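Enquirer: Once you've looked at the hints, dock chain P against the given chain Z.
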Amino acid sequence: MSRFLIPAAIFLALAGVLYVGVVHSPNKSTMQSALLGKTVPDFTLPVLGNPGMNLTGSQLAGRPWVLNVWGTWCVACREEHPVLLDIAKQNVLPLVGLDWKDEDDAALDWLKQLGNPYSVVVADRDGRTAINFGVYGAPETFFIDAEGRVQYRHVGPMTAEVWDREFLSRLPRGGIQ
Amino acid sequence: MKSFVRGAVLALIGAFLLGVSLPSAAFDIEAMPTPAMQKRYDAMIHELRCMQCQNQSIADSPVGLAEDLRRDVREQIIAGKTDAEIRASMVDRYGNVILFRPPFQSSTAWVWLLPIVLLILGVFVAFRIVRKRASMVAGDDSVVDTDETPR
Chain Z
1 MSRFLIPAAI FLALAGVLYV GVVHSPNKST MQSALLGKTV PDFTLPVLGN
51 PGMNLTGSQL AGRPWVLNVW GTWCVACREE HPVLLDIAKQ NVLPLVGLDW
101 KDEDDAALDW LKQLGNPYSV VVADRDGRTA INFGVYGAPE TFFIDAEGRV
151 QYRHVGPMTA EVWDREFLSR LPRGGIQ
Chain P
1 MKSFVRGAVL ALIGAFLLGV SLPSAAFDIE AMPTPAMQKR YDAMIHELRC
51 MQCQNQSIAD SPVGLAEDLR RDVREQIIAG KTDAEIRASM VDRYGNVILF
101 RPPFQSSTAW VWLLPIVLLI LGVFVAFRIV RKRASMVAGD DSVVDTDETP
151 R
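The listed protein sequences derive, respectively, from chains Z and P.
First residue of the first sequence? That's 1 in the working numbering, and the numbers climb one at a time after it.
First residue of the second sequence? That's 1 in the working numbering, and the numbers climb one at a time after it.
Hints should not be assumed to be uniformly reliable.
What the simulated footprint calls covered on chain P by chain Z, stretch by stretch (three residues with Cβ under 8 Å from a Cβ of chain Z suffice, anywhere in the stretch; the number is not a length) [what the hints assert, rightly or not]:
| no. | segment |
| --- | --- |
| 1 | 34-48 |
| 2 | 66-77 |
| 3 | 88-95 |
Dumping the calculated DMTMM-like pairs for lysine to aspartate or glutamate here, alpha-carbon to alpha-carbon at most 25 Å [as the list claims (entries may be wrong)]:
| no. | chain 1 | residue 1 | chain 2 | residue 2 |
| --- | --- | --- | --- | --- |
| 4 | Z | K101 | P | E30 |
| 5 | Z | K101 | P | D72 |
| 6 | P | K39 | P | D92 |
| 7 | P | K81 | P | D42 |
| 8 | Z | K38 | P | D42 |
| 9 | P | K81 | P | E30 |
| 10 | Z | K38 | P | E85 |
None of these hints come from the bench; they were simulated from the model.
Every value quoted in this text rests on a predicted model; they were computed, and no experiment measured them.
Quick reminder that beta carbons are idealized off the backbone N, C-alpha and C, glycines included.
Isolated chain Z (complex conformation) (with noise of 0.2 Å):
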């Protein structure tokens, strides 16, 4: 007896090993960002729009805001563009945009063309910015809170679903004064 049930043991470990791994594997979509609970790096950037206007991080500092990595050149930011429409319509979070590795011209007219949801984008040419952020792929989307301390970052097309479970519940009850 025992000469199958240490195989079949053996064989059931091996199983439920390769089971975690495959499931918890290294997902783009559910990757945690290694910045959570961290205070989000510093940075001065162009604003999109506005030459010789620059934003730096800490101007943003005092009020929970919202990041959102886009390019022209990613498709999926297309497809989340209506949900950033919608939440910019809740006006509860100023949506900070981070247009990546992009050219300006190229990013205005996608404003123009589609709608702007942010309040204010900043260009980040060169993506030295979105790599202290530690993205690694566009659309990327960071809540970062009233201390400056990220606290979510969601990889992938936003959606309403993902909005209201992640980002407005980790708003401070009863709203921003």
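Expert: Showing chain P alone in chain Z's frame:
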């Protein structure tokens, strides 16, 4: 006709070899100012995972993000950062996943220990099987012997 077929086959093989060799020449790895820095740079970019194409290093990937991470490594080396500092800065931003050889921690212990555990288990199982077979063969021999003695 025969020579035509042979020519076509050779051309196909040639095209195949050419096609295979092309991707490695599709992008250039940037040069460093000194040989010592170059050596560290070459080693470091092979240690870091391209996050967009997870089973390639940033040295092997032509995608934009890998290019940006190579630039980041290059700039940090030139700025005088140590290898450990560069690795730490990558882990701070992307997590342990970015290292092909993650540090030994409670969260990564199984990555390091599981192969050893499985190896020991395998050796144990193989040892048991071999021992059982050996005793079976010894038993068979005696049976064969008794069978053959009457002859």
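Enquirer: Decide, hint by hint, whether the structure agrees.
Expert: The hints, checked one at a time:
Figure legend: the segment 34-48 of chain P, annotated as covered by chain Z; annotation inconsistent (0 residues with Cβ-Cβ distances under 8 Å, at least 3 required). Counting residues of the segment 66-77 of chain P whose beta carbon lies closer than 8 Å to any beta carbon of chain Z gives 3, which meets the minimum of three for the stated coverage. Given as covered by chain Z, the segment 88-95 of chain P passes the check, having 5 residues with a CB less than 8 Å from a CB of that chain where 3 are the minimum. Note on K101/Z and E30/P: the hinted pairing holds, with a Cα-Cα distance of about 19 Å set against a maximum of 25 Å.
A hinted pair counts as satisfied when its Cα atoms are at most 25 Å apart, and K101/Z with D72/P qualifies at roughly 15 Å. Among the hinted pairs, K39/P with D92/P is consistent with the structure: their alpha-carbon atoms are about 24 Å apart, no more than 25 Å. Between K81/P and D42/P the CA atoms are separated by roughly 15 Å; this keeps the pair inside 25 Å, and the hint holds. For the suggested pair K38/Z and D42/P, the alpha carbons sit about 31 Å apart, so the restraint of at most 25 Å is broken.
With a C-alpha separation of about 18 Å, the suggested pairing of K81/P with E30/P holds against the 25 Å cut-off. At roughly 18 Å between alpha-carbon atoms, K38/Z and E85/P fall within 25 Å of each other, so this suggested pair holds.
When the structure is compared with the earlier hints, violations turn up for hints 1, 8 and for no others.
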